[in-house]
Amino acid sequence: QSAVTIYGRVNTTVESSKLSGDSAQNQMRNNGSNLGFLGEEDLGAGLKAGFQFERDIDSTDGASAGYEAQSEVWLGGDWGRIRLGNYGGQSFKTIVEAVSLHNDNVGTSADWLFADVMPADHHIGYVSPDIGGLVLELGYSTKDDRQAVDGTRKNAYEAIANYDWGNWSLAAAYAKYGDANQWSLRALYAMGDFLFGGYYQRDKNGLLPDAGNRNNYRFVGIYTLGANEIHLNAGYADDYSNQSGSGATQWTVAWNHNLSKRTKIYAQYTALNNRRNGLYGEDLGVHTPGQDFRSFGVGLRHYF
Amino acid sequence: QSAVTIYGRVNTTVESSKLSGDSAQNQMRNNGSNLGFLGEEDLGAGLKAGFQFERDIDSTDGASAGYEAQSEVWLGGDWGRIRLGNYGGQSFKTIVEAVSLHNDNVGTSADWLFADVMPADHHIGYVSPDIGGLVLELGYSTKDDRQAVDGTRKNAYEAIANYDWGNWSLAAAYAKYGDANQWSLRALYAMGDFLFGGYYQRDKNGLLPDAGNRNNYRFVGIYTLGANEIHLNAGYADDYSNQSGSGATQWTVAWNHNLSKRTKIYAQYTALNNRRNGLYGEDLGVHTPGQDFRSFGVGLRHYF
Amino acid sequence: QSAVTIYGRVNTTVESSKLSGDSAQNQMRNNGSNLGFLGEEDLGAGLKAGFQFERDIDSTDGASAGYEAQSEVWLGGDWGRIRLGNYGGQSFKTIVEAVSLHNDNVGTSADWLFADVMPADHHIGYVSPDIGGLVLELGYSTKDDRQAVDGTRKNAYEAIANYDWGNWSLAAAYAKYGDANQWSLRALYAMGDFLFGGYYQRDKNGLLPDAGNRNNYRFVGIYTLGANEIHLNAGYADDYSNQSGSGATQWTVAWNHNLSKRTKIYAQYTALNNRRNGLYGEDLGVHTPGQDFRSFGVGLRHYF
Numbered sequence: 019q020s021a022v023t024i025y026g027r028v029n030t031t032v033e034s035s036k037l038s039g040d041s042a043q044n045q046m047r048n049n050g051s052n053l054g055f056l057g058e059e060d061l062g063a064g065l066k067a068g069f070q071f072e073r074d075i076d077s078t079d080g081a082s083a084g085y086e087a088q089s090e091v092w093l094g095g096d097w098g099r100i101r102l103g104n105y106g107g108q109s110f111k112t113i114v115e116a117v118s119l120h121n122d123n124v125g126t127s128a129d130w131l132f133a134d135v136m137p138a139d140h141h142i143g144y145v146s147p148d149i150g151g152l153v154l155e156l157g158y159s160t161k162d163d164r165q166a167v168d169g170t171r172k173n174a175y176e177a178i179a180n181y182d183w184g185n186w187s188l189a190a191a192y193a194k195y196g197d198a199n200q201w202s203l204r205a206l207y208a209m210g211d212f213l214f215g216g217y218y219q220r221d222k223n224g225l226l227p228d229a230g231n232r233n234n235y236r237f238v239g240i241y242t243l244g245a246n247e248i249h250l251n252a253g254y255a256d257d258y259s260n261q262s263g264s265g266a267t268q269w270t271v272a273w274n275h276n277l278s279k280r281t282k283i284y285a286q287y288t289a290l291n292n293r294r295n296g297l298y299g300e301d302l303g304v305h306t307p308g309q310d311f312r313s314f315g316v317g318l319r320h321y322f
Numbered sequence: 019q020s021a022v023t024i025y026g027r028v029n030t031t032v033e034s035s036k037l038s039g040d041s042a043q044n045q046m047r048n049n050g051s052n053l054g055f056l057g058e059e060d061l062g063a064g065l066k067a068g069f070q071f072e073r074d075i076d077s078t079d080g081a082s083a084g085y086e087a088q089s090e091v092w093l094g095g096d097w098g099r100i101r102l103g104n105y106g107g108q109s110f111k112t113i114v115e116a117v118s119l120h121n122d123n124v125g126t127s128a129d130w131l132f133a134d135v136m137p138a139d140h141h142i143g144y145v146s147p148d149i150g151g152l153v154l155e156l157g158y159s160t161k162d163d164r165q166a167v168d169g170t171r172k173n174a175y176e177a178i179a180n181y182d183w184g185n186w187s188l189a190a191a192y193a194k195y196g197d198a199n200q201w202s203l204r205a206l207y208a209m210g211d212f213l214f215g216g217y218y219q220r221d222k223n224g225l226l227p228d229a230g231n232r233n234n235y236r237f238v239g240i241y242t243l244g245a246n247e248i249h250l251n252a253g254y255a256d257d258y259s260n261q262s263g264s265g266a267t268q269w270t271v272a273w274n275h276n277l278s279k280r281t282k283i284y285a286q287y288t289a290l291n292n293r294r295n296g297l298y299g300e301d302l303g304v305h306t307p308g309q310d311f312r313s314f315g316v317g318l319r320h321y322f
Numbered sequence: 019q020s021a022v023t024i025y026g027r028v029n030t031t032v033e034s035s036k037l038s039g040d041s042a043q044n045q046m047r048n049n050g051s052n053l054g055f056l057g058e059e060d061l062g063a064g065l066k067a068g069f070q071f072e073r074d075i076d077s078t079d080g081a082s083a084g085y086e087a088q089s090e091v092w093l094g095g096d097w098g099r100i101r102l103g104n105y106g107g108q109s110f111k112t113i114v115e116a117v118s119l120h121n122d123n124v125g126t127s128a129d130w131l132f133a134d135v136m137p138a139d140h141h142i143g144y145v146s147p148d149i150g151g152l153v154l155e156l157g158y159s160t161k162d163d164r165q166a167v168d169g170t171r172k173n174a175y176e177a178i179a180n181y182d183w184g185n186w187s188l189a190a191a192y193a194k195y196g197d198a199n200q201w202s203l204r205a206l207y208a209m210g211d212f213l214f215g216g217y218y219q220r221d222k223n224g225l226l227p228d229a230g231n232r233n234n235y236r237f238v239g240i241y242t243l244g245a246n247e248i249h250l251n252a253g254y255a256d257d258y259s260n261q262s263g264s265g266a267t268q269w270t271v272a273w274n275h276n277l278s279k280r281t282k283i284y285a286q287y288t289a290l291n292n293r294r295n296g297l298y299g300e301d302l303g304v305h306t307p308g309q310d311f312r313s314f315g316v317g318l319r320h321y322f
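Residue numbers (the numbering used here), protein chains in the order written: chain Z, 19 to 322; chain F, 19 to 322; chain W, 19 to 322.
Derived from the structure by calculation, the hints contain no laboratory data. Hints may be right or wrong, so weigh each one.
What the hints assert, rightly or not - Sample of chain F residues facing chain W (criterion: CB under 8 Å; computed from the structure): (1) 75; (2) 80; (3) 167.
Said to hold, decoys possible - Straight-line C-alpha distance at most 30 Å; calculated DSBU-like pairs for lysine-lysine: (4) 194(Z) x 36(W); (5) 194(W) x 161(W); (6) 66(F) x 279(Z); (7) 194(Z) x 161(Z); (8) 161(W) x 36(F); (9) 36(Z) x 36(F); (10) 194(W) x 36(F); (11) 36(Z) x 172(F); (12) 66(W) x 279(F); (13) 172(Z) x 36(W); (14) 36(Z) x 161(F); (15) 222(F) x 161(F); (16) 161(Z) x 66(W); (17) 66(Z) x 279(W); (18) 172(W) x 36(W); (19) 66(W) x 36(W).
Bear in mind the structure is a predicted one, so any value in this text is a computation, not a measurement. Ideal Cβ positions, reconstructed from N, Cα and C, are used throughout, including at glycine.
Next comes chain Z alone, as it looks inside the complex (with noise of 0.2 Å):
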């Protein structure tokens, strides 16, 4: 038998929001809270094989569904991993995760704007080993899967790079989906007790069909004292080459009190601004073109 792991997080806010031309709310919010099981086992000869499931948790009213979140099965060694089932994201985790750094990119305060192409289900990919700082990913899904989830008969793949140098960190992804596609650039620099960083993407389709090109940017500043962070962050997004007005910006203050590595107190501002026919934020309830979303809320996050 295994020793498997139980791990998760909770992570549950009370935040006063508004969208333009709303009332303001007082609400109970979920921050991305989960629950999952991993567990590894050593084959020998450097071989290793694995497996992780991990499903959300609504934590306001424990609504949850499957493990959708992940659900994946690994072979690795010396000559990397693969990786087999539903894990998601790659692009958006390497690229978005590591900027959105006050609240682990959950909530309201997530980054709204980034085009995410690559689906995360039937989903077969390589991870290289870690070659001088140096790591490559490549995911894949077959149009015959994807035309079984989706209805749509195209391929899905992205490959991925990430590269630790000094206080540098760095990073490049590319994903197509049929005819949308990203490729995007990352940054982050650590000085002392700052961390600088930020993202640049360019997509086409990405979030709409049809919509043509667009240019979208993340900057973050990060100034650490002893258990306490301050978080800056903001994001552009253009318009959609034929959507003029689609553009939005986005930007958050955060405060942080680490408790403890896993327990933090919080605290934070965020605000989404539309153009006149910009529409992100949807899942935050934004619904008329051009309508924009403020957020004061304060948290508690545990990770078990």
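Since the structure of chain Z is already known, use the hints to place chains F and W on it.
Chains F and W only, in chain Z's frame:
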């Protein structure tokens, strides 16, 4: 990584049940089976943080939704504990579950007469430390959360006090949700191998809109002899002031044989008698005003 | 608190499959991946109690419902074991899973010809102790439970015998659910690096109402060489007596390479050939009478 505790209950009966006017049914029934995960972290300086996720599982067919039974994160210290998330009916737990001891207040012999007006989800609360036997608890859910969940724009709140004093265990609870409210008092008295107790509840519109006021009484007596327990449990609910003949009585006699602290076998008989317009026990199949329910069951309960 | 064991299986293939008349499909497929929890408690005096909860998880997208795979509580002693709850198809396990050994009888190469008439839910059963290699098992589900679940008022019951004798493993199973019934015999014989076996089944209305009687045969041969196994598996189902041309054949050849007891990589080819009116393999996509199915797959299976 924290030490996560897995816990739960499997409690399954075979019962012969009868609704008045229908034929008797021999069926296997679930009695509140569940599965949960919890953990806590010592943050130093007297602080602790922790979480709990719990799901219900129908032990007769395995049916189970998400973690609606509990999904909570908390932060505590000498000053008490702040709770955030979904954690259910504290009035119900304090008053009913403390009295309905023969089978954890689950299954056909659960208390069908108590009016629980406090919702479990989107719950923020405070629990005091133990002050010489006295523990206070406050809970709240904003009208914005309630509107998002129920479509009704009403605050929900509750206040609870528990007091242990020698052989006595006393409690009081008040909850209000819009036009509905309830207050209740509970007492238990231990005397050698005997335990006596009961509660009184006064509610307004607690189970039906515009129903008016109602009194609800419950009495319990337990005799323990070694591994065996004999339980008597009886309840009486008045008519609602605006609904004549809406009352009911319920009584249960049960024998428990404890094979260990965690595992018991048991037999029980319960009878729910509605007055001519009473509709208590809808979850038991009561569908006609005045219909009665009876069940005799034998079961096996195992905590893990 | 008990020691709860977490266990499961992740088994994912990449397959090229073809339904006759359709084009070939390259797809990732789930092969019976699951996650479970079990435990037992020593009650003293030879008594034990325990539980098991198990859920299926689609490893290609994480989809998962509740604990329908198993939800059971049991009490056992020298006299055998009483089982209560949801635990599936013991005839199926005893006869089919013992023979269909190349891939745990899951995925496209599972046995599609066996008629399993015993439902899993609302199941009460008794398992005898091992009496010189002989183990008996009885199962029952009341007509009231079946009516509640299926709308049909019929008792369901089964009786199973397993007998291990030297190099032989023998089993017999009988199950009846209303108008449907089946009896079956299974034998396995181990001879050095070889294992031979098969089953014979006779069922009435087992897969279709009013279909009449049918014979169903399955043969298996396995050759083990170190970490490698070669499997041959072939089945033949007669026409149902009231439905001419309703029969089918199925055969599979598989190679397993065991990286450990828990982890294997494998390749397999399976072919399901329906006679002109056969509809075996609906779960594989067979939708036209007489349609055939073929699949070649490679996979990775990991137990945890």
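Verification of the supplied hints:
{"no.": "1", "hint": "75", "in the structure": "5 Å, holds"}
{"no.": "2", "hint": "80", "in the structure": "4 Å, holds"}
{"no.": "3", "hint": "167", "in the structure": "22 Å, violated"}
{"no.": "4", "hint": "194(Z) x 36(W)", "in the structure": "27 Å, holds"}
{"no.": "5", "hint": "194(W) x 161(W)", "in the structure": "12 Å, holds"}
{"no.": "6", "hint": "66(F) x 279(Z)", "in the structure": "13 Å, holds"}
{"no.": "7", "hint": "194(Z) x 161(Z)", "in the structure": "12 Å, holds"}
{"no.": "8", "hint": "161(W) x 36(F)", "in the structure": "15 Å, holds"}
{"no.": "9", "hint": "36(Z) x 36(F)", "in the structure": "53 Å, violated"}
{"no.": "10", "hint": "194(W) x 36(F)", "in the structure": "27 Å, holds"}
{"no.": "11", "hint": "36(Z) x 172(F)", "in the structure": "19 Å, holds"}
{"no.": "12", "hint": "66(W) x 279(F)", "in the structure": "13 Å, holds"}
{"no.": "13", "hint": "172(Z) x 36(W)", "in the structure": "19 Å, holds"}
{"no.": "14", "hint": "36(Z) x 161(F)", "in the structure": "15 Å, holds"}
{"no.": "15", "hint": "222(F) x 161(F)", "in the structure": "19 Å, holds"}
{"no.": "16", "hint": "161(Z) x 66(W)", "in the structure": "52 Å, violated"}
{"no.": "17", "hint": "66(Z) x 279(W)", "in the structure": "13 Å, holds"}
{"no.": "18", "hint": "172(W) x 36(W)", "in the structure": "39 Å, violated"}
{"no.": "19", "hint": "66(W) x 36(W)", "in the structure": "49 Å, violated"}
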